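Heads up: the sequence shown begins at 1 in the UniProt record's numbering, then just goes up one per residue.
FYI, nobody ran anything at the bench for these hints, they're computed from the structure. Please read these numbers as outputs of a predicted model, since none were measured by experiment. Yeah, the Cβ is synthetic: ideal placement off N, Cα and C, and Gly gets one too.
Cross-link-like lysine-lysine pairs, in silico, BS3-like; alpha carbons within 25 Å at most: (1) 411 <-> 573; (2) 956 <-> 1013; (3) 728 <-> 738; (4) 716 <-> 659; (5) 1010 <-> 956; (6) 951 <-> 1011; (7) 271 <-> 175; (8) 801 <-> 716; (9) 728 <-> 611; (10) 272 <-> 174; (11) 907 <-> 1013.
Derived DEER-like restraints, expressed as beta-carbon distance ranges: (12) 418 <-> 469: 19 to 27 Å; (13) 171 <-> 223: 15 to 23 Å; (14) 418 <-> 685: 39 to 47 Å; (15) 436 <-> 164: 27 to 35 Å; (16) 18 <-> 821: 43 to 51 Å; (17) 798 <-> 34: 58 to 66 Å; (18) 310 <-> 128: 38 to 46 Å.
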Amino acid sequence: MEAQVENAIQIASDPTSSQQLRGQAIQYIHQLRTDGSAWQAGLNLFTRDPCPSEIIRHTSLDLVNNAVQEHRLDDQSLSYIKDTLMNYIRQTYGGTSTDTGHIQNKLMQTMTYLFVALYPSSWQSFFDDFRALAGDQTIIGNVNHTTTLLYLRMLAQVHDEIADVLVARSEDEKKRNTELKDLIRQRDAQKISLSWQEILAKWRETDARLIQLCLNTIGRWVSWIDISLVVNENMIMILLQMAGQQDSSPSESVTISRDAAIDTFSEIVGKKMGPVDKVQLIEVLNLNSVVRQLISSPALADQNTSTYDNDLAETVARLVNNIVFDIVRVLENDNVDEQTRQRANGLVQAFSPYLLRFFADQYDEVCSTVIPSLTDLLTFFRKLQKKTGSLPSQYAAVLPPVLEAIVAKMKYDDAVTWGEEGEQTDEAEFQDLRKRLHVLQQTVAAIDESFYIETLSRVVSDTFGRLAAGGHSSLNWRDLDLALYEMYLFGEMAMRNSGLYAKREPSSVAAERLVGMMNSMLDADIANYPHPAIQLQYMEICVRYYQFFEQNPHQIPKVLENFVRLTHNDHVKVRSRSWYLFQRLVRHLRSQLGNVSYNIIQAIGDLLTIKAELPEDSGDDMSSDEEDLSADALFDSQLYLFEAVGCIASSSTVSTDDKKLFAQTIMNPLFVDLERTLPQAQNGDERSVLQIHHIIMAIGTLARGYSDWVPSSNSKLPQSEVSDEFAKASEAILIALKSLNSFIMVRFAARFAFSRMIAVLGSRLLQEIPSWIEGLLALSSSMDEIATFMKVLNQIIFTFKAEIAGILDTVLTPLLQRIFTALAVTPSGTDDEIQLQELRREYLNFMQVVLGNGLGSVFVSEANQATFDTIITSIDAFARDTSDYQTARLAISVLIRMTSVWSGPDKVGPGANPTATSPVTTPIPGFENYVVERFGPLVWSIPASGGFNSKDAQAKQVLYEAANLQAEIVRKVGEPYVERIRSDLTGMGVGGEVVDQYLRTLAGAFEGAKKEKEWRVFFARFVDSARG
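Produce the complete structure using the sequences and hints provided.
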């Protein structure tokens, strides 16, 4: 068998083997793993002399692993494997030869699995056996490095197997691991601790990597063994010696051992303990002295030199972070005695300067390391302040340096050059850091709002003052960016309640300060500062605080002038972003633009020229930032300008004649361009097709700017003179669509424009709906396109329900035929399946909207009656579809709506009135009989379907809806249908008592919402019981 296994591994790992042969070999090896029968062959191959190739040895050992771990071999087999491998280890590692690190790790994994199986009973000498390999006290660690490393690898592997808290485990595994840890603590933990001390005692003369592995192992094990085995005089003395090495130019070995010792302190401090023990531990370890000495060491003393060791800084910062984290946990514990609390307070005073030292470090990685504990400390302060009403002076004294450090860290580093190619990653990381710093700043504000307001006001006003006094050249852009960024964030407090103003006065102290900042910013002419980052910040702030301009309209002309200039900026990021922000600003201020509207439109008119550019094939390695500057992205930004001019042109301060003139001025060049480009587009020229797309998108976006009318708002449709211009635009788009509806991008743009024309044309759009449907629903239209169009159509039906009946009657059958064609397509992949589900739902939603708005008669009109049976058949099919419960539920709800609308007055329930008539809908004579025969059986057949899973949560919703359907039929048909149900149940073999209970519960559904819910739950349980 060994030869077969070896041959299979060779074939499976050989890239030159045929695909078929490799597949067979892989399948054979997989089968060996599954049945666990090849462990003996694997063991023999691994230990064979001479050794086979590494891939064969690794795979062979994996077969052994699998058998030990998964197949519960008998004790005799496990002992045989153990003895064989231990003999191999003694022979191989006891001499000069050894295995690769890869094989050693795999071997230790095997030995760990054997440990789990045998340590409780027959292999109690597990740790002693490996300890003996490393040698006695005199030679361990510095004679046979290989076996010592193997011993430490084994200890690390045991921890990972039984004590790693990050690994998800079953309850049985947790119980097993707890028992193993208890046995280790009882039998071997003390001996293992002594071996660590013996290894570390030789740290100056031993390989640094071995010391590092030993310390890492201690750091892992300390979390679950007795702390005294690590925190004792001998161990602490060694750790302090290693951590305290302060060579001005440390060697690699010194650096490795020093950093590992500090990390070990971090792990020791992180051990879960009671508050009293935790405080005592920090004091006993003398970590205050350790950290102080490290900070004053040559490697950390001066951040501004090339010898500054930022890796060491990050390591020490991690230790400080863990210490402060645990101190805060002690202080948050209400059950801590006063003496312990005072000691913890003393530790806060001692470690706060260290915390701030690393938080303010010039390296963001170091700063980020202590943000978690600083967050915890500030959160504790906030809770204490909220609880007691004030913050003790010793804690209050921490806030000023904290806030000063936060503000300082928010500033761009002096080495940063904003916006340069290749620095996008650094910029993203810095902005992420700013977000985290902002959270800290918010916490400081929550603790002491007045102090926060004063500090931020001072930072901003000092910066603006320096700028006003010395001019643009006197101030570094980084300082100004910081002030503007803080000013932007300051608004969260200033506009927290009622906005920036209340009754034309600043709404709070913070709002008053912010108004002052806005005046200072405008007076300092920051918009003309020659740096793109500042120009962007200026625009963002103006848009965010637009309420300032509403209350100070004399400032509007100047800010608009600045924005217009920035829309022409040479820097592409500033230019493209300004187009969006300009749109935001004028939308807010559209009612106060007055007689400057014409000037603004004239000033940006040159930016409204559309020039489509085909995307360049620049490969797949383009960054997201670079993509934002692509031709497509720039056009998307340009669209905001069309929306902006629409807002400006339609302002209430603009006369109707001017609104019409502006519309003509903007759209006439687009019409000319459309007419000129259409012939080339019809001939298939790609750029011309894209140009048509862009023009149509621009017209649709302009319409959105001109009017935001919706039926539920108080706004009005544009005057008819203005609508006339957009009616021309609609005609022009339809002409282009008719010629180019085979192009998906043209259909997309036309659908976009169509949905936005509603707000400018109102009901005038209805007469064109047949043409829009013909153009938008081409034979090549995707299911996603059709579904999206259905959403728009539903919106139109809801908006114009009183006027659309005739149009809907005309277009319904062609529309449904196109939908049915799309629904009949077999999906070819996951995306198609998702789109098909979406189309089904939009089709059913369309049914609901038509029926719900009193337009159901179009389904049975003379023009559409031939399609009615196809509609019912499709809904019936969707209701039975067990692969899509959501659609099935929606389909049943449509049947309920049809039953309600067309079956006449209620025969059962509180609304029962055989002669009642509906002012909205007209019953279809005899439809209640049709319902009984066509819809009624679905209530039984849906849950009886083979694939229906009544336990599924979504399937339960289908059952609830089926119960609603049966109740609705009873409501409309009355006693004859009740008797039909009784007959159906009896025919199913249901007993008389259960039938009576069923019908009683069903009758109760008409007595109120509570009883109706009880009926649905009963029906679902009944189905569960019937299905067994």
